[in-house]
Every structure is written in C-alpha cells, then in structure tokens.
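Asks: Below are the chains, spelled out letter by letter.
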Amino acid sequence: MVKMRGAWRLLGVALVLSLVAAACGGDDGGGDGGSSEELTGSVVVSGSSTVEPISAFVAELFNETQPGVTISVDGPGTGDGFELFCNGETDVSDASRPIDEEEIALCEENGIEYVELEVALDGLTVMTNPENTLSCLNNGDLYALFGPESEGFASWADANDLAAEVGGNGGFPDLPLEITAPGEESGTYDAFIELSGIPDIGVERGLSEDEAEALRKDYTASPTDTVIITAMEGSPSALGFVGFAFAEEAGEGVKELEVDGGEGCVGPTVETVADGSYPLSRSLFIYVNTAKAAESEALSAYVDFYLTSEGLVTAVEEVGYVPIPEERQQASADAWATAAA
Amino acid sequence: MAIVASEASVRSTVEQALRGSKRDLRGRLFEAALLGSLLLSLAVLLALLWSVLQTALPVFAERGFDFVTSNMSRIESRAGVRQALIGSLLLIAFVFVVAVPLGIAAAIYLQEYAKDTKLNRLLIANIRNLAGVPSIVFGILGLVVFVQAFRVVTGPEVYGKSIISGGLTLSVLVIPIVILVSMEALRAVPTSIREAAYGVGATRWEVVRSHVLPYAAPGIFTGVILSLARAFGETAPLLLVGAVTGYLSPGLGGSLLEVLQGQYTALPTIVFSWSRQPGDEWRELTAAAIIVLLVVIMIVNAAAIVLRNRYERKW
Amino acid sequence: MAVSTKDAPVSLTTLRGSVGRRRKEGVVRAIISSAALLSLLVSLGIVVALIGEAFLFLRDIELSWLWADGWFPRRNPPEFDVLTIFIGTIEVALIAMLIAAPLGLGAAMFLSEYASPRLRRTLKPILEVLAGIPSVVLGFFALTVIHPTIVQDLLGASSAFSILAAGIGVGILTIPLVASVSEDAMYAVPGALREAAYGIGARRRTVTTKVVFPAAVSGIVASLILGFSRAIGETMIVAIAAGATSGALRHIDPLTPGQTMTGAISSLAIGSDQVKSASGFNPFLALYFVGLLLFVITFALNVASERFVRRVRRDY
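Chains as they are written, first to last, in the numbering used here: chain A, 1 to 341; chain B, 1 to 315; chain C, 1 to 316.
Simulated from the structure, these hints should not be mistaken for laboratory data.
Everything numeric in this text was worked out from a predicted model, so none of it was measured.
Keep in mind that a hint or two might mislead.
Below, computed lysine-lysine pairings styled on DSSO-like, alpha-carbon distance capped at 30 angstroms [claimed, not checked]: (1) C:K24 x B:K118; (2) B:K115 x C:K24; (3) A:K255 x A:K217; (4) C:K124 x C:K210.
To list a few chain A residues with every Cβ distance to chain B over 10 angstroms, as calculated [what the hints assert, rightly or not]: (5) V115; (6) P130; (7) T133; (8) G170; (9) G197; (10) V203; (11) K255; (12) G261; (13) E263; (14) V266; (15) A274; (16) S277; (17) A301; (18) A337.
Glycine is no exception: its CB is placed at the ideal position from the N, C-alpha and C atoms.
With these hints in hand, go ahead and build the complete structure from the sequences.
Replies: Okay, here's the thing in structure tokens:
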C-alpha cells in the first residue's frame with residue numbers, strides 16, 4: 001500500500017534523475033572560439049558509407065563552434081542515399097559515385113534541385129591476406145576473379161583459364177577463393193565495376209550490358225567494411241575490396257594488392273590516388289539540396305564549413321582519404337558559391 | 001502411462017536404501033547430466049561476460065568514466081556513449097509513461113471486469129500472440145504508422161524519425177508483456193480479499209483500487225521493471241524507425257517537445273553500428289558500450305529481484 | 001465506505017451507492033476496456049500494414065522472381081527466392097533448438113525435481129541473468145568468440161561468418177525461455193503423483209522421467225514450440241554473425257554465411273525508405289512481404305503452443 005506507492009515514486013524519481021544527470025553531465029559542447037552568431041536548426045545527411053566518416057567528422061568539428069545545430073549522419077549506401085535525397089528526405093547526400101540518370105530523373109520528377117560538390121579522393125583497395133604471395137592484378141585478372149562469368153569458381157586456379165582468355169596474368173594457385181566485398185546496395189560496388197574495366201570486357205565477350213555490369217553472385221556481400229576486413233584476416237587465401245581509408249586503417253591485417261590498369265602495377269597510396277596513377281581511384285561527392293540551403297542557415301553554414309580547408313583537408317586526412325588538389329578544392333567552393341547565390 | 005515398478009526393481013531400491021548407498025550409478029549420472037546442463041549455461045554466460053570485459057578493458061583503463069560522457073565520434077579515442085545512453089533512457093521513460101499505464105489498465109479490465117465471453121477470450125489470445133511476435137515486425141509497424149503515416153505529429157522536422165516514433169514502437173512491443181505479467185499478478189490475489197471489500201459494499205473499481213491493486217502491486221512492479229529492461233536492450237525495431245547509426249550532434253536543445261520530436265540514438269543501436277566498424281579499437285569500443293548496456297540492465301534486473309524478495313507475500 | 005445498517009432498512013438502493021460512485025465506476029470501466037481493445041487495434045494495424053504493402057509488392061513483381069538462385073533484391077532483374085531465406089531461417093532455428101532443448105529441459109528438470117529450495121534460489125538466477133542479455137550482445141559474442149573458436153578452429157570453416165555461429169547464439173538466447181516454461185509445467189504437476197510413485201518404490205530418476213515428464217509433456221512441448229518460434233523471429237544475432245547482408249545464394253551448408261528472413265528484413269531496412277535498384281524496381285517492398293510471412297509463421301506456431309498449454313490446464 002503506502003510502501004508500494006513509495007516504490008513507484010522511487011522508480012519515477014530514479015528515471016528522471018538519471019535523465020537529468022546524463023543530459024547535464026556532458027553539456028560541454030560549448031564553443032569557446034567566439035562565433036559570430038549562434039545558429040540553430042537541423043541538418044540531415046545520409047548516403048554513402050564511404051563518405052560518411054568525412055561528413056560525420058566535419059559535423060563534429062562544426063558542432064564545436066556551433067553547438068546549437070543538430071546534425072545527423074548515416075551511411076546506408078550511395079543508392080539508398082540518393083533515393084532519400086531525391087524524395088526530399090535528406091538535406092545532403094553523400095556519394096561515392098556521381099549521380100546516375102535514373103536518380104537525376106527522380107530528382108527532376110520531385111523538383112529537387114541540387115549542386116554536386118567534389119570533396120575528396122578515394123582509392124578502391126583490392127586486398128588479400130598477408131600470407132598470400134600474390135602482388136598484382138590487371139583488369140583481366142579482376143574480370144576472371146570477380147566478374148559475372150566467374151560465378152562458381154571456388155578456387156583461385158579455376159580462374160586461370162578465363163584470365164588467359166581476357167588478357168589477365170593468371171597463374172593463380174589452387175587455394176580456396178573466398179571473396180568478401182561490398183554488396184549491390186553500395187556505391188563502392190558500383191565504383192569497382194566501373195573502374196575495374198569489367199563491363200567492357202564482359203560486353204566484348206558477348207554479355208549484355210546489364211549482365212556485364214555486375215559481379216558474380218556467389219561471394220559474401222557486406223555493406224560494412226569491418227566485416228570485409230575481418231574476412232581478409234580470417235583466411236590465407238581471401239580476396240576482397242574496400243575503400244582506401246578502411247584498408248589503411250586495417251593496417252597489418254590485410255595485404256593491399258597492386259593494380260595494373262595498362263600502365264604497370266601501381267599500389268594504392270596517398271600519392272598515387274592523388275595524382276590519378278592508381279587505376280582504381282575515384283572522387284567522392286556531396287550533393288546539397290539548394291532550395292533547402294537557401295531556407296536553412298544551419299545547412300548553408302555546414303556546407304560552407306565543409307568546403308573550407310578544415311573540411312576538405314583536415315577532416316579528409318584525419319579520416320584517411322586523400323584531399324583533392326587545391327585547384328579542385330577551389331572549384332568546389334566556386335560551384336557552391338554560384339549555387340548558393 | 002503406468003510405472004513399471006517390477007518386483008526386482010523395488011527390491012533393488014529397498015536394498016540400496018537399507019545398505020545406505022545413496023543412489024545407483026545411472027541415477028547419479030542422470031542427475032549430473034541435468035546439473036551439467038545448468039552449469040553449461042552458466043559457463044557460457046561467464047565466457048561471454050569474460051570475453052566482453054577483456055575486450056573492453058583497454059577503453060576503461062585509458063579513459064575511465066570519460067567514455068560515458070563523450071559523444072559520438074568518428075575518431076575512436078573520442079567516441080563515447082553519452083547520447084546513446086540519454087536516448088535509451090528517454091525511450092524507456094517514454095515507454096514507462098505510455099505503455100505501463102495502458103498495459104496495467106487493460107490487465108485490470110481483462111482480469112477483474114471481463115466476463116468469460118468469446119470476445120474477451122479472443123482478446124486474451126490475441127495479446128498472447130502479440131507477445132510472441134518477433135520484435136522486428138513491430139519495427140515494420142512503427143515504420144508504416146509512426147514514421148510515415150503520422151510524420152506530422154511524431155517528427156515533422158526529421159521525417160518522422162524521432163524519439164516519439166521510437167518510443168511508441170517500443171511501447172507497442174512492451175504493452176502485451178505488461179498486460180500478461182499484470183494479469184498474472186492480479187490472478188494471484190486471493191478471492192477472499194476481493195470478497196472482503198465487496199462485503200462492505202464497494203463498487204468493483206473500489207475493490208480493485210483499494211484491495212486488489214495494493215496486493216498485486218509488487219508482482220506488477222517486478223513484471224513492469226523486467227519488461228522495461230527487455231525494451232532497453234531492443235535493437236531491431238529501432239533500426240527500422242530511424243535511430244541514427246552514423247553521427248548525431250551532442251546538443252540536446254530546446255523544449256521537451258522539440259527533443260522528443262528530434263533525432264536520437266540508443267545504446268543497443270550504437271553497439272550494433274560500432275560492431276560493424278573496422279579495426280581492433282572499434283571492437284574494444286563496442287565491448288565497452290556493451291558493458292555500459294549490461295550494467296544498466298543488471299541494475300534494473302537486480303532492483304526487480306530485490307524488490308520482489310522484499311515485498312513478496314506468501315498466501 | 002461502510003454502509004450503516006443500524007438506522008435504515010437495507011435496501012438495494014442503499015447498497016448500490018450514490019450516483020456519483022456509480023458514474024465513476026462507469027467511467028473507469030470505459031477507460032480500461034478501451035485500453036484492452038487497443039491491443040486488438042495493434043494486431044489489426046500489423047496485419048493491415050503488412051498485407052497492404054505485401055500486396056503491392058506481389059503486384060509489382062514478376063512472380064518468377066520468387067523462385068531463383070538466391071536472394072538478391074538489388075540485382076537487375078532482382079531475385080527474391082523466398083526458399084533461400086526460409087531455409088536459412090529454419091537452419092538457424094533448428095541449430096538453436098539443438099542447443100536450447102537439451103540444455104533448457106535439463107536445467108528445468110534439475111531445478112524442478114532435484115534441487116533443494118536453497119539450491120534452486122541460488123541457481124535459478126543464472127537463467128534469469130541469461131534471459132536479460134540483449135540479443136545484440138549475443139550477436140557480438142557469436143561473431144567474436146563462437147565463430148572463431150567453434151566454427152573456424154574446431155570445424156575448419158574458412159569464412160568469417162556462418163549460419164552455425166548464429167544458430168548457436170540464438171540457441172543460447174532461447175535456453176531461458178525453454179527452461180522457464182517447461183519448469184513451470186513440471187512444477188505444476190501435483191505432488192500427489194510424485195508421492196504415489198515414490199510410495200511404490202520408484203527412484204527419483206524414474207519419477208522424473210516416467211511420471212513428471214509425461215504429465216508435463218504438453219507444457220514441455222509448448223516450451224519447445226515457443227522456443228522455436230522465438231528462434232525464428234530473432235534478428236540481431238543473425239544480422240551480426242550470419243554474414244550475408246545483402247545477397248545470398250540458396251544453400252544448406254551451415255558452416256558458410258547465409259541469410260534468414262529476419263536478416264533479409266533488417267538488411268533491406270538498414271538502408272532506407274523507397275530504395276530503387278538498377279532495374280527501377282523498389283526492393284524495399286520485399287521487406288513487408290517477408291515481414292508478413294514471418295508474422296504468419298510465428299503466429300501459427302504461437303497458436304499451436306497455446307493448444308498444448310490449454311491441454312495441460314484441462315487435465316488438472
């Protein structure tokens with residue numbers, strides 16, 4: 001009776017107290033750098049899981065001087081991100097590949113106007129386990145190992161014949177071929193297909209365009225890079241690809257393979273990605289809804305900040321990608337200035 | 001099924017008893033096997049806790065309590081569970097305010113008021129089924145109803161992916177469980193208590209309020225706490241209704257309504273998303289977040305058990 | 001509020017009480033009965049939401065897509081081989097029951113028939129603690145411990161994920177459920193039955209296996225069905241440890257990654273709303289279709305377990 005009423009009250013008080021404690025306890029987001037104005041508002045960013053770390057870190061830095069702006073960043077995938085974006089559900093779309101025709105059409109259909117801004121460079125690192133003696137693959141090899149016709153190859157050696165036919169170096173040992181790589185919802189998947197030359201080889205061999213623009217079905221697909229990295233560490237003959245930054249973070253656990261795009265074997269490093277000599281390098285973008293930016297000071301402030309050197313250089317490097325050359329940094333800033341006007 | 005107590009086996013049992021030997025070998029083995037299965041569960045539990053603790057240790061050794069007060073971050077050394085903890089607590093508070101009164105009210109109706117009609121039997125069967133529905137299906141319901149259909153109310157600025165949506169979804173998930181445990185607690189109150197109240201002319205509600213509820217309260221209380229603890233650990237439905245997995249700003253600004261209509265993240269969600277980040281450091285952080293999650297759940301469960309032991313009445 | 005019988009004769013109107021009290025009674029009744037009816041609304045909501053969207057899905061796809069190599073929702077053309085994810089679900093659930101049934105029943109039997117009250121009080125919390133562990137935590141455990149040690153080291157599997165690891169994790173999760181429901185069933189067997197058996201010279205093992213177990217068999221079967229249903233509906237362990245997050249070929253090898261129904265739902269959902277694939281078709285709708293299947297299956301299983309429990313009650 002009275003005892004129990006006391007217990008209920010206790011529970012309620014406990015809940016409220018813990019909430020207050022938690023909320024006040026960490027209220028340190030205060031900016032000590034004098035910012036001219038305290039902005040409020042919200043910004044919703046979604047899209048590529050490759051670009052997500054950059055946008056998230058930029059948001060973190062931004063919040064240090066503008067704690068009143070609530071930014072959320074998610075990384076479901078480039079394609080998924082564009083869907084949300086072109087349906088007006090996000091303010092900024094992270095993308096690891098340029099927007100494609102269908103997505104452009106969808107945006108037009110829904111009246112979404114946007115500006116494309118290049119923000120960083122990324123390499124696609126093909127990797128394997130450190131114990132693997134392999135060191136370089138060319139386009140033909142990639143086709144023979146990953147391409148649509150490689151379905152069913154359970155051992156590396158199975159791919160040797162196909163590699164020979166398409167100009168690959170082959171010479172693979174008879175070890176289990178276990179591929180772990182991003183799945184079809186990921187922009188990294190699309191980028192790999194585009195940059196690896198697989199569609200061209202496929203069409204040459206008589207496949208339809210749709211069929212040629214796909215990888216084999218029988219690999220372990222994962223949208224989450226840690227899974228792919230773990231898989232490389234897990235088996236001596238594993239094979240896979242991820243974004244450059246994630247491979248760098250994995251460090252000793254994986255062996256990065258060099259890729260020969262026709263001009264010799266080149267390994268993925270910051271320099272080779274920056275100067276474009278590494279064949280599997282790509283640009284990373286953000287797409288900003290210009291109408292929303294005009295309405296929301298918070299959004300435009302965020303993008304402004306993104307395009308300063310704090311965003312395009314500090315954040316990009318901190319996360320592990322390669323900053324775009326200065327002229328292109330300026331180009332992005334100009335494109336934004338024009339669009340925002 | 002008849003027990004075949006043949007003369008031979010009876011004789012052997014009596015002989016053994018007289019001789020003083022405790023049990024036959026097969027009986028002992030059987031008992032050992034049964035105990036073994038219980039101890040195996042204990043072993044697995046300990047292995048789990050040990051492995052999580054071990055993995056999480058570096059984080060707490062280096063950063064201590066700072067881990068709990070730091071915000072979400074891409075940088076491993078800065079990442080913390082503060083927002084996730086707040087989000088989870090807010091969600092549970094929401095569930096407590098919404099689901100518990102509704103659940104107890106429905107239980108009172110079904111147990112004390114409802115006659116044994118077909119409709120009421122159907123209601124109870126329906127509730128039991130709901131309690132067994134996978135949590136992710138509730139997530140789908142939450143997505144369709146709260147995030148999409150009622151977006152204007154639940155979270156107009158954030159496309160419906162707000163604490164309100166998450167809280168309502170979890171509430172819907174928890175209500176059937178609260179109803180079932182409350183009904184059981186109410187059922188355990190002896191009829192004599194009720195009859196004593198009716199005997200002096202109380203209306204049914206007065207009987208419930210002044211006699212039945214106080215005696216059922218400990219059981220209801222325990223059950224409610226346990227269901228809240230369960231809701232605290234739910235991940236799947238929140239993934240569908242918009243808990244943020246990437247990054248969320250630390251500011252918890254504005255009025256209560258703005259906070260409720262704003263974006264959020266939760267502890268189990270953080271555990272899930274960090275478990276997908278590459279590298280050892282993120283694995284350690286995941287384990288550390290799990291420790292925080294388990295600590296909160298253990299505290300709640302322990303509170304329920306203590307309270308149950310303290311207030312339990314034997315009829 | 002006592003009614004004085006000293007002064008006035010006791011009449012129905014006196015006993016019935018004032019109008020105010022009766023009105024309050026009516027209000028209270030209205031409030032709590034609507035709370036109860038709310039539960040019907042929820043069920044209805046689930047069914048309507050699922051059926052409506054699942055119907056849209058079936059209308060928009062080519063039905064041939066439902067029978068293909070595997071579950072590849074974002075290919076062009078997409079493949080929605082339901083059998084793939086169904087097999088995955090059943091595999092995980094069966095492996096889980098292989099673990100949960102013996103361990104859960106064994107624990108229940110011990111606690112109910114062998115343990116002294118003090119031992120029971122000490123050991124029962126083990127199961128309660130296990131029951132409180134959230135599934136994400138078990139998923140992490142399955143990924144970081146169960147898979148490497150059991151599936152990789154012991155059984156030599158090469159991938160980083162497996163259906164087996166997920167199945168074992170789900171099994172651990174289900175042990176407390178099986179144990180508690182079957183223990184209730186065994187505990188409910190009247191002591192008189194046991195004493196009758198002891199009285200004619202049966203040993204404890206015989207009493208447990210030949211008297212209590214058969215008497216409680218309905219409740220025990222119910223616990224197994226409930227456990228199976230829970231295992232089918234488990235999402236997070238599969239999402240973390242079973243490995244196939246976007247596409248999977250149809251197969252039955254538990255040592256390799258695979259996809260279940262719940263895993264398919266969560267992987268479609270972690271994305272976003274309204275996702276179109278290269279083919280221009282919206283694979284997200286598949287989520288509702290699979291959700292509906294899942295709901296129907298677990299609903300049927302729960303109804304079946306109800307039947308068994310009701311039989312127990314009737315017997316006594």
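Asks: Run every hint past the structure and note whether it holds.
Replies: Outcome of the hint check:
Using a Cα cut-off of 30 angstroms, the hinted pair K24 (chain C) and K118 (chain B) holds, with the two alpha carbons roughly 27 angstroms apart. About 20 angstroms separates the Cα atoms of K115 (chain B) and K24 (chain C), which keeps this hinted pair within 30 angstroms; it holds. Restraint check for K255 (chain A) and K217 (chain A): the C-alpha separation of about 24 angstroms stays at or below 30 angstroms, so the hint holds. At most 30 angstroms may separate the alpha-carbon atoms for a hinted pair to count; K124 (chain C) and K210 (chain C) meet this at roughly 24 angstroms.
At the 10 angstroms boundary, the C-beta of V115 (chain A) stays outside the reach of chain B, the nearest C-beta of that chain being 22 angstroms off. No beta-carbon of chain B is positioned within 10 angstroms of the beta-carbon of P130 (chain A); the least distance is around 16 angstroms. T133 (chain A), annotated as away from the interface, keeps every beta carbon of chain B farther than 10 angstroms; the closest lies near 24 angstroms. Here G170 (chain A) stays apart from chain B, with its beta-carbon at least about 31 angstroms from theirs, past the 10 angstroms limit.
Against chain B, the non-interface label of G197 (chain A) holds: every CB pair exceeds 10 angstroms, the least being about 27 angstroms. Distance check on V203 (chain A): its Cβ is at least 34 angstroms (rounded) from any Cβ of chain B, clearing the 10 angstroms threshold; non-interface status holds. Against chain B, the non-interface label of K255 (chain A) holds: every CB pair exceeds 10 angstroms, the least being about 15 angstroms. Separation of G261 (chain A) from chain B is adequate, the least Cβ-Cβ distance of about 26 angstroms exceeding the 10 angstroms criterion.
Chain B leaves E263 (chain A) outside its interface by the beta-carbon criterion, the shortest separation being 30 angstroms against a cut-off of 10 angstroms. For V266 (chain A), the non-interface assignment is confirmed: its Cβ lies about 23 angstroms from the closest Cβ of chain B, beyond the 10 angstroms cut-off. The claim that A274 (chain A) is not at the interface with chain B holds, since no C-beta of that chain comes within 10 angstroms of its own (minimum 22 angstroms). Separation of S277 (chain A) from chain B is adequate, the least Cβ-Cβ distance of about 26 angstroms exceeding the 10 angstroms criterion.
Here A301 (chain A) stays apart from chain B, with its beta-carbon at least about 13 angstroms from theirs, past the 10 angstroms limit. Listed as outside the interface, A337 (chain A) is consistent with that label: its C-beta sits roughly 26 angstroms from the nearest C-beta of chain B, beyond the 10 angstroms cut-off.
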